[in-house]
Amino acid sequence: MLVIKQLAVTYKKADESIHALGPIDLTIQQGEIYAIIGPSGCGKSTLLSVLSGVIQNYEGQVLLNDVPLYPREQAIGYIPQHFGLLPWKNVEQNYLLSLKIKGIKINTQTQEQIDYILEHLNISDLKHRFPKDLSGGQKQRVAIARAFIMNPQLLLMDEPFSSLDSLTREEAQELFIQLWNKKKLTTLFVTHSIEEAIFMGKKLIIMSDCPGTIVEIIDNPLFNTENIRENTEHLKLSSYIRGIIKKGWTL
Amino acid sequence: MKSKKRLVMFLQGFGLINLIWYLVAVLWNKSVLPTPLQVYAHMGDILNQEIGMHILASLYRVTSGIIIALIIGIAIGLLMANSGQWTKVLGPVVYLTYPTPKTVFLPILMLIFGLGNGSKIILIVLILVFQVIVVTRDSVQNISHETYDMITSLGGSKTQRFLNVTLPAILPELLTNLRVSVGTALSILFFTEAYGTQYGMGFYILDAWSRMDYMNMYLGIIIISLVGFVLFIMIDIIEEHVCKWKQTAPQEG
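Residue numbers (this note's numbering), protein chains in the order written: chain A, 1 to 251; chain B, 1 to 253.
Each hint can be trusted.
Listed next, the in silico DSBU-like pairs over lysine-lysine satisfying Cα-Cα at most 35 angstroms (straight line):
| id | chain 1 | residue 1 | chain 2 | residue 2 |
| --- | --- | --- | --- | --- |
| 1 | A | K89 | A | K102 |
| 2 | B | K244 | A | K105 |
| 3 | A | K89 | B | K5 |
| 4 | A | K13 | B | K158 |
| 5 | B | K246 | A | K127 |
| 6 | A | K100 | B | K244 |
| 7 | B | K158 | A | K127 |
| 8 | B | K2 | A | K132 |
| 9 | A | K132 | B | K158 |
| 10 | A | K12 | B | K88 |
| 11 | B | K2 | A | K127 |
Worth flagging that the hints you see were computed from the coordinates, not collected in a lab.
Just chain A, same shape as in the assembly:
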């Protein structure tokens, strides 16, 4: 479980200090997947940067499984917007990076886990390629593999599907949700697409304009149902969210 209490972030830019985020109070339940939607520049990415340990200078408290957030001791999977693959490592070295940094030895059980994930994401044949020889969709699947292989306590994704073309995107989203349903990792992802939020988020967090705070958290009854996009509820939910957007991200 992830508990965020009175989290606020202030940037220093030249002589100005910019209040970018918060205060935010939020509890993410174990084994759930949350989507964050909000206007651009509302601090969505800032929030993920705090949770991934990249920003360490913040006010308030972040507790992961009752312990203050500390990436060295905890397992946090992070998929940045452009996938964060290291260009000088091949696919295999990239997806094993999480284990290597954590100093985790690969035993039979981990190997089975790895093989299962690679198989599921259909990247077993790409092991020896370098990122520049991969398509966007392939890169993204490698990034997902890297995150899942370390079996993180918390998985963070920053607009993970936004740089893919629409066909690849739907396919990637479905692959992701199938894998997620098997592993049930506690997940938080940022998106600017209402469609994506409804398809992949069990709970939808709507954020306000800068400095971002939480406007509303919506339970998504459509999560994990068949043919989501054709359901009439889908239209209702997305027009409700659009309504919030029209009012300038307020209720």
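Assemble chain B onto chain A, guided by the hints.
Just chain B now, with coordinates in the frame of chain A:
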């Protein structure tokens, strides 16, 4: 595939240069410019003349100079890239000394460090180290913060950040720079070997020249060029292995 291409390149270049040389020598017809055939006919003699010792002496000076310059240069470059305070201290020194022709320090170095290998190697280091510092500093500063984010989120240590991101990111530029440095280092070597030594290819060429032994002088020039070429090829091979990720992969499937 790559080595075959390289061999073809070498043979083509070698053939063409020798052809031009041959034509000029025949047309000009002076004893100071023998034809390549005459020079190569002397190849047998030269092998008896401790030429190996000369080559080794030169290689020792050049490679130690390059290696020391790399170690010091990378260390200082990293310091400057990562700490504003070091930049404040070292920046002006690097800036001021960068355009100074360091070869003018040879007499001073020889007075301080003697006529032996020390002063020769130090001069090579002095000339190369500033380029290494600047290239290291600039390429480290060009690495985007996002590249490190992944390692940060995994809780990676400073060493892990260096080994997984910084080093592989700066290697291509360092190697490109090293290639230029080899040429520079050999030129300086020739200059330093004019003084205070009985060994080295520079000495060998200048000695043959002063004795008007043109055959050996030309052979010396050819050999030092080949030494440079071999060093060049070695960097190529290292680059191929280390920078695989930059090359276009063979098409699969």
